[in-house]
Amino acid sequence: MELKNKKLTEAEFFEERKQVLSGWQTGSDPALDFSASLAYLRQIPEEKNFALKLIKAKNERITMIQPRAGVPIVDEHIKLLSFLQNAGADFLPSTIDSYTRQNRYLEAEKGIKESERLGRALLNGFPAVNHGVAGCKRVLEAVDLPLQARHGTPDARLLAEITHAAGWTSNEGGGISYNIPYAKSVPLDVSLRYWQYCDRLVGFYEEQGITLNREPFGPLTGTLVPPSISNAVGIIEALLAAEQGVKNISVGYGMGGNIIQDIAAIHALQNQTERYLEQFGHKDVVVTTVFHQWMGGFPADEAKAMALIAMSSTVATLSGTHKMITKTTHESIGIPTKEANGEAIKASKFVTKLLQRQFIVESGKLIFEREQIEREVDSLIKFVLEAGKGDLAQGVVKAFEQGLLDIPFAPSKYNLGKVFPARDNEGNIRILDFGNLGFTEDIKEFHRLKIKERAQNENREVSFKLTVDDVYSVSKGNLIGRPTKD
Amino acid sequence: MELKNKKLTEAEFFEERKQVLSGWQTGSDPALDFSASLAYLRQIPEEKNFALKLIKAKNERITMIQPRAGVPIVDEHIKLLSFLQNAGADFLPSTIDSYTRQNRYLEAEKGIKESERLGRALLNGFPAVNHGVAGCKRVLEAVDLPLQARHGTPDARLLAEITHAAGWTSNEGGGISYNIPYAKSVPLDVSLRYWQYCDRLVGFYEEQGITLNREPFGPLTGTLVPPSISNAVGIIEALLAAEQGVKNISVGYGMGGNIIQDIAAIHALQNQTERYLEQFGHKDVVVTTVFHQWMGGFPADEAKAMALIAMSSTVATLSGTHKMITKTTHESIGIPTKEANGEAIKASKFVTKLLQRQFIVESGKLIFEREQIEREVDSLIKFVLEAGKGDLAQGVVKAFEQGLLDIPFAPSKYNLGKVFPARDNEGNIRILDFGNLGFTEDIKEFHRLKIKERAQNENREVSFKLTVDDVYSVSKGNLIGRPTKD
Amino acid sequence: MKSIVIGVIGADVHAVGNKIIEFTLTNAGYNVINIGVLSSLEDFINAAIETDAKLILVSSLYGHGELDCRGMRDKCIEAGIGDIILYVGGNIVVGKQDFTEVKERFLQMGFNRVYPPGTSIEKALGDIKADLGE
Amino acid sequence: MKSIVIGVIGADVHAVGNKIIEFTLTNAGYNVINIGVLSSLEDFINAAIETDAKLILVSSLYGHGELDCRGMRDKCIEAGIGDIILYVGGNIVVGKQDFTEVKERFLQMGFNRVYPPGTSIEKALGDIKADLGE
Ligand code: B12
Ligand code: B12
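Protein chains in written order, with numbering that gives the first Met the number 0: chain A, 0 to 485; chain B, 0 to 485; chain C, 0 to 133; chain D, 0 to 133.
Any given hint could turn out to be false.
What the hints assert, rightly or not - Below, computed lysine-lysine pairings styled on DSSO-like, alpha-carbon distance capped at 30 Å:
1) A:K449 - B:K443
2) A:K475 - B:K55
3) B:K47 - B:K282
4) A:K6 - A:K397
5) C:K18 - A:K337
6) A:K352 - B:K364
7) B:K112 - C:K102
8) A:K475 - B:K78
9) B:K443 - A:K364
10) D:K18 - A:K451
11) A:K364 - B:K364
12) A:K352 - C:K95
13) D:K122 - A:K464
14) C:K122 - A:K352
15) C:K102 - B:K417
16) A:K443 - D:K128
17) B:K364 - A:K475
18) A:K451 - B:K57
19) B:K475 - B:K449
20) A:K55 - B:K475
21) A:K449 - B:K282
22) D:K18 - C:K95
23) C:K18 - B:K475
24) A:K464 - B:K352
25) B:K475 - A:K78
26) D:K1 - B:K352
27) A:K364 - D:K1
28) A:K475 - D:K18
29) C:K95 - B:K78
30) C:K74 - B:K112
31) B:K443 - C:K95
32) B:K397 - B:K246
33) B:K352 - A:K475
34) B:K55 - A:K451
35) B:K352 - A:K352
36) B:K109 - C:K102
37) C:K18 - A:K352
38) A:K412 - D:K1
In short, the hints are calculated from the structure, not lab data. It should be emphasised that the depicted structure is a prediction, and the values quoted were computed from it without experimental measurement.
With the rest of the complex left out, here is chain A:
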């Protein structure tokens, strides 16, 4: 069947569903019958519904907080999440382990057993598929907040089925954002198709009166991603999701480090997602934004890491974003302890609450950057649609093939990997090498100028060395990777 941006018919969906549920033994749980799952979802109180709580954040104009967290054993995971809830989280996650993300449920099973035997976590997350609907429900019922699966799974169909049936009211990811940064050899048309299923599942629940939230993963590789590239991907995934009937979408963005560019990116993301949804005929979708605290390499020093966390929270609040994903002071070392995670939540929440409703909205620079991002996004999406001869899904596949869309530092072989970003002299993320990126000539000229300005300021040639220096710089305490004297 050829990939098209078109809503799966109920017949297609139900046909595919049989196969999906047979992917692992937990798929045969009768709790996965829609009669059962719908009944379960209907009795979930409003304050535990991810989508409804996000609408609340939007109406109240406040920034809510969500950590990342996941451990292999259910009871331990419950302890962890309860701890984070008490620390002040507004939304809870379940970060899924890397074997599950690759659908390697057998290895995940081994990881669970080994972790139980040794009494320490050998998996880097919560293997939701292996734990099945029952395990996932136990988690949901033990906490008071909405739950979301956060992962990085190209084929998350079974994961989505199990977690939604267990009352987890949001799923993160998308056919691009959970493939290109998270896989090496999964073809893009395949992951897009898989994610149509995930979205159709949410659309199905929506048709039955249950609103679930979907969140494209904004930060992509988390490493010097120019705002227009990540925004374009987020908008495209929002459009693909809406086509399948999703009505509550959060688009995300990973902090870049220049405050004005970051705020501009969030504003542009909100504006353009709404505008494109309208334009594609989806008039009743609620759009919110998600701001990720610094997603690149973190400083090892815990005081510095905490400073970066609080600084990120300041920018997030000023941007008016609706949800912020937190990091921890252990970021550069390993999966954080629950205590470290809790401290970061407390610190982040302190800032968002203290600065509540202080927004930065005006300033010429901000408007300039926002319009620049919007122009670039328009250019990218135009090239994508052209490549797909009007079909968005087809266009995405073609655009990645040709490098019209290209995500820096991504591991996937379906990503051209010719785009190299670097910071300009003010620390804004610009593009040094475009590869074949879908930018019009005037946009390219702007980037060239900006990068040249910086290189001249540092008395050096424009080269890949700028990119390399910028990858390291924040963890070393500088935004811009200037050449050092020694």
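Following the hints, put chains B, C and D with the ligands in place on chain A, whose structure we already have.
Same frame as chain A, now just chains B, C and D with the ligands:
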């Protein structure tokens, strides 16, 4: 002798000096002969001169960092300062103990002895007068950074003599800012007169080619001080200092919590200090600004305290201030350990360095707030000058008598204490009760409107309860002390 | 109306908490005699004698509390008000110290109640009511 | 030019460090065979045999390193390259753990050098030079 804003003659100065130096036995040290002290100061390298390093910060447009710190025993104090230097401080302080601040050198001596005997600090700072020039020189020579005395002393004449002769190239304070918030019954004309001496001493060194820095204490009581009141006091103290020959002045400001108002306050402070100095005929004074991290009651939780520190650092950097004074995660409990102090320095510096040269300069709101503060400052200073029939020093005394100048929460009986501040609905610090403050009617109307807007929003009367709630709020995690449901 | 003497002891000028305490105790129905900041031991005792107060509530914020409060109970006995109730609170010692030890030191000086940093006056209202008998 | 095989083991997709390592080692004059992310034990060994490499430099960032690296030396021996030099670095276990213990576990798996989190590739250049004999 009547107080006048007029440079002390050399004869008057030298006459008074004899008496000053006889205040405590360490005043008779021959190192206090100007021949000796000048020779010592002349060999101090540029990078250890406070005034010159501030000029560097100004030229490079960066925010440098200074902690607070002081313990009673010289060797311990050296250990402490070396530790803070290694943590990344750009300037070093010596916070002076409270007995010395009250010229109670006998009790300070007891405190030193007791601290030595018990092996723990019983004084809350470094008793520089008791340690004398020799002790203070030992401190300076053990570190690589400029040193400043930070205290709160109405009569700091002997302290200034001793510390400057020991090569400490800056002195914090002023006749208003180190009296009204720090004393109960020292008449204002007396402290102003004492500080003319401190300034004249710096002016004398200046005449001999040695530039020292003077820093009026900006935050005053640190508690809901409206920017225009603290800015007006800073500007007045700058004018008084310049009259005595001071050429390098840093005016300070304590963060209020509304980011736009804070940035506006720093911009207004820089602008108006320069403008007024010009107007008073002082054309060769270098003005820099100092931003104090949140000066009111701190949250007890260390993660939240660190968040407040990093958030303050973000605002300071965006404001373009030249120096930031840091707090610690122990703030709400007691004098910090050197480790806690070091962590805060690292965190603060991480932010100022990462965000280096990212300024917020435009935006209509910012310009509006800056102009509002400037209007209010102009009004206050006009009333002061009128009260003094043209003489600024006389004017200050009269203005405080009449409440034309009035500092909220100050302990001094020479302060009318009729001004009550409160936050408006955006968290800006405004005035709820003016007492007799030197504001024109249109300014008062603006404040009334803003406070009313907030009270209405909270469905309550405009009353002192707003002020009380706002005093507590930040330590509880809110900027505005809204009525709580419980 | 029962009388309570409040003030900030020693060379301490922290005035904000003192003003809040006055406001809170007055609202709670006590006759508050506020001798303000920079008050000596003697100032507290004299005020208590003059107003026949049953409770002296000492604030110390700046860290010298331990030096300033020494001999408090003895001086009260000397002045003939040996059984007056003595409270102390604020940030009563220098730095972050183990509070059980700190408390012990102040109890030995004759204080009846000793509060750790961060105890707001509201939290002590219950104790005051209990100790003054209501 | 000496050959070094680099790659990221297991289900790990952290690609950034891998690209930086390739860039750095190439600049340092080595022939770098980069098998990229999501590489199995066998991928590393096959690449080493094909290119006659003297050093395999394994990156593991995502926390499953301990599971993924088990049997590394044994598989090398089986494949007839038993004395190849094995390095591992990145964030090789889950969470913040005492590194001396972690190191011990990986040394026992047959690694020659085991690096703690935050060791950039530059810091290991000296070891590489020493081990490859220069
Ligand atoms: C960016 C990032 C991502 C990006 C990766 C994009 C991509 N495809 O590359 C995204 C967002 C996709 C991601 C995903 C995940 N990540 Co991640 N990620 C990071 C992060 C923030 C930075 C990594 C980075 O690029 N650093 C910059 C490069 C230049 O440095 P580097 O990778 O450390 O490599 C250098 C050194 O380590 C060293 N080095 C590396 N290998 C070797 C080998 C030898 C022998 C030597 C000497 C040196 C050496 O040299 C390199 C160059 O200098 C780190 C935390 C951090 N470091 O701050 C977490 C981190 C590595 N991620 C982590 C985790 C858990 C995940 C996820 C499982 C869960 C999640 N958070 O979604 C998934 C994993 C998916 C998968 N299957 O692998 C954990 C690993 C935990 C652990 N080991 O206990 C970390 C440490 C964060 C944390 N504390 O939780 N991540
Ligand atoms: C604002 C402030 C100042 C202002 C004070 C303005 C003024 N005149 O009032 C200024 C800037 C002038 C100042 C000066 C100094 N300060 Co100061 N200051 C503070 C700060 C930040 C807030 C105090 C405050 O107003 N809080 C709000 C009020 C409402 O709360 P409160 O004062 O704690 O009072 C409440 C409770 O404590 C309680 N309470 C008080 N007394 C009692 C008694 C009883 C019996 C009970 C039950 C309860 C109780 O009820 C009050 C109302 O709820 C605190 C740290 C903090 N708390 O975050 C430091 C702090 C008190 N200061 C400190 C110090 C050292 C100084 C200085 C010596 C040095 C310096 N930093 O310059 C000078 C001292 C000058 C002097 N001679 O006293 C230290 C004390 C250290 C210690 N004990 O180990 C602190 C703790 C900061 C620190 N960690 O270093 N300070």
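Hint by hint, where does the structure go against what was stated? Just the numbers, ascending.
Per hint list: 1, 5, 9, 15, 16, 17, 21, 22, 26, 27, 31 violated.
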